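Peer 1: The opening position of the sequence shown corresponds to residue 223 in the numbering used here, with each subsequent residue numbered one higher.
There could be a bad hint or two in this list.
For lysine-lysine, the following DSBU-like pairs were computed, each having C-alpha atoms within a straight-line distance of at most 30 Å [unchecked claim]:
1. Lys557 with Lys625
2. Lys695 with Lys707
3. Lys557 with Lys501
Read the hints as simulated data drawn from the structure, not as lab findings. Quick caveat: nothing in here was measured; it's all calculated off a predicted structure.
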Amino acid sequence: MKKFLIFVLTPIFLLSLLLFFVFLGSTDALFIPNSGLEGTVKQLMEQGNHIACLNAKTKEISVPKDWSKPAKGKIVVSGKTCNSPTGCKILRCNGSNTDLQVNEHLKDICKTHPEDWVGCKNEDKQKKIDEDIKKNVEVEPGCQEIKNYTILSRSNDNKVIKEVSAADGSLPLGPVNVEIDDSYVVHVDYQYYLSQPGETTLVDLGSGEAITPGQEQTQQLGTVTFNFNEATDEGSITDCEIISWDPYGRVFDAVSLEPMSDVKVTLIDGKTKTPSVMKFNSNNDFTDPRGVFNIQVENEGQYGLDVVAPLTHLFSETPNINPKYINIYSDIYTKGKVFQEKQGVPTHHDIPLQPVGEPYYSAVAELIEGSLQVKGFSSFVNYSGKTTFPFAKVCLVGAVSGKTVGKCVNADKFGNYSINVDKKEIPFEFLEVGIYKVDLNDVTKVNSRESRLRDVGYEPFLSYIEGYAYDEKGNKLTNTTVNVKLGGSGKTFSTTATDTEGKFIIYKSDLPFINYHLEYVNVKGDAVEKTTSEFLADNRQYIKNEALDLVLGTKNSRPIVDITKDYNGRDSQGIAQKPMETNTDSSIGSNRLFLILLILFLLVVLVVALIFFIKKNRQSE
Numbered sequence: 223m224k225k226f227l228i229f230v231l232t233p234i235f236l237l238s239l240l241l242f243f244v245f246l247g248s249t250d251a252l253f254i255p256n257s258g259l260e261g262t263v264k265q266l267m268e269q270g271n272h273i274a275c276l277n278a279k280t281k282e283i284s285v286p287k288d289w290s291k292p293a294k295g296k297i298v299v300s301g302k303t304c305n306s307p308t309g310c311k312i313l314r315c316n317g318s319n320t321d322l323q324v325n326e327h328l329k330d331i332c333k334t335h336p337e338d339w340v341g342c343k344n345e346d347k348q349k350k351i352d353e354d355i356k357k358n359v360e361v362e363p364g365c366q367e368i369k370n371y372t373i374l375s376r377s378n379d380n381k382v383i384k385e386v387s388a389a390d391g392s393l394p395l396g397p398v399n400v401e402i403d404d405s406y407v408v409h410v411d412y413q414y415y416l417s418q419p420g421e422t423t424l425v426d427l428g429s430g431e432a433i434t435p436g437q438e439q440t441q442q443l444g445t446v447t448f449n450f451n452e453a454t455d456e457g458s459i460t461d462c463e464i465i466s467w468d469p470y471g472r473v474f475d476a477v478s479l480e481p482m483s484d485v486k487v488t489l490i491d492g493k494t495k496t497p498s499v500m501k502f503n504s505n506n507d508f509t510d511p512r513g514v515f516n517i518q519v520e521n522e523g524q525y526g527l528d529v530v531a532p533l534t535h536l537f538s539e540t541p542n543i544n545p546k547y548i549n550i551y552s553d554i555y556t557k558g559k560v561f562q563e564k565q566g567v568p569t570h571h572d573i574p575l576q577p578v579g580e581p582y583y584s585a586v587a588e589l590i591e592g593s594l595q596v597k598g599f600s601s602f603v604n605y606s607g608k609t610t611f612p613f614a615k616v617c618l619v620g621a622v623s624g625k626t627v628g629k630c631v632n633a634d635k636f637g638n639y640s641i642n643v644d645k646k647e648i649p650f651e652f653l654e655v656g657i658y659k660v661d662l663n664d665v666t667k668v669n670s671r672e673s674r675l676r677d678v679g680y681e682p683f684l685s686y687i688e689g690y691a692y693d694e695k696g697n698k699l700t701n702t703t704v705n706v707k708l709g710g711s712g713k714t715f716s717t718t719a720t721d722t723e724g725k726f727i728i729y730k731s732d733l734p735f736i737n738y739h740l741e742y743v744n745v746k747g748d749a750v751e752k753t754t755s756e757f758l759a760d761n762r763q764y765i766k767n768e769a770l771d772l773v774l775g776t777k778n779s780r781p782i783v784d785i786t787k788d789y790n791g792r793d794s795q796g797i798a799q800k801p802m803e804t805n806t807d808s809s810i811g812s813n814r815l816f817l818i819l820l821i822l823f824l825l826v827v828l829v830v831a832l833i834f835f836i837k838k839n840r841q842s843e
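Construct the entire structure; sequences and hints are all you get.
Peer 2: Right, dumping it as structure tokens:
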């Protein structure tokens, strides 16, 4: 009996080992990334989810006396539908502090090319910039989940349906109409998104309700407004709206409407008619390249403004303003006016200066470097940022090919721009930002040369990564940790490792929908950072040989699926099988079916053999 069992079980054991290695050999070596972020933020930000922009409207806002502290506001977000039976999440993403970025940019100019800006020779202006840099709050770019909000009815009455807290879980199935109590930092851009599981199909992803000019001022808050991105070109889709709390004023030429830089504006006490005395803040400011000035008023009371106009202009009580100013400026302030400053509601004033002779046409259209953001959606990538010139024309240009990618757009009146590009149109190269100054009397006319920062732009946004890790000398990095790092904060989003040949794979579920880069760390802890364009350059030949499209996430024009999460209908490389191929002997499904039938056959043979042996053994007894 023992000899018989050994005779039967040994081949079954060997067969099991064979089947194990057959299954093991049916897939490439996979390195399953582990999340580098705690909680659900990583899950919400992954490209495997469906992300859609939400429309946002200001309901109310309360501004603190100290601008270094956040403002409290109520926002209503809507415009999309949660299609997931398991619920959806609301994300709020933010950029950096724009005012801080501008001031640091000006400081850099004065260090490297002081001849490019007259303000570099103005000691008072430089002192004010240093004060502003110290006062401004640096905000780390990134995204977070909104867990506390109120669900409103979809009717015009917007009645409260349900109060939701972190303990309640996800946003329920149905149209989104939610009121959020939130905090906002001055000079920082915010955007709201709906995030739902990847298995859900989002109809018309990214299409939002258009925002009409002036809609950003519908709230009854005087001059404190949220500034919504206004489209002036078909390609500037308003579905990814930029929201910013930015209580500032601008000085501009009354005829050309161009913003004027390096103009000193002083806060005047309404009673004494002399410069206001303040304890903690300066009572004056110099306009930056956007024509922007900021004066933080400490106490309530009556105030006025004084402007030190250049010799070419007059600060007048009755300026003759170009009627098209209304498209750009608001809350016009003229000489001699007095206004009431209330606690928590800083006032806003745009100041026209009357030209004595020729109008001012010296404003420069430049990119605010730290404002660049990129976000990947299911079928398109959204590129956004800020310029120093209202309605400037903005184009994305391939750094190598020199070709324009997507459609050129006009920024809004605050210089915000947003460009959506179909993933099928995105090349494997760095995208530079071309900015063109326009005629503010007719924004379709470009009236000056292009301004482009050659080293500033957008890295290729990849939906899938496959290739080899190389160091700076071109050597393959074997058995090396690979970190996906968030572009703004530098936090680790996910982690994987290279194999013994230096190869690694990262699926879209382990890549964020915001900009990122790679970091290679060897066993000694030495780190090498690689941008996505550098990764593509390192692996150009491999990507070509393997027929990979890392932007679309395809191989041989077929979508690559994360086989660590879903094996159904996939081949050994995670490629989605075509319907006509699912019944062929070469498919994984057919191989598995064959192996299952073989195992069943062997089991039947084993049972029959056992029955035969038992009967024969009884007969012999």
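Peer 1: Which hints, by number, does the structure contradict?
Peer 2: Failing hint: just 1.
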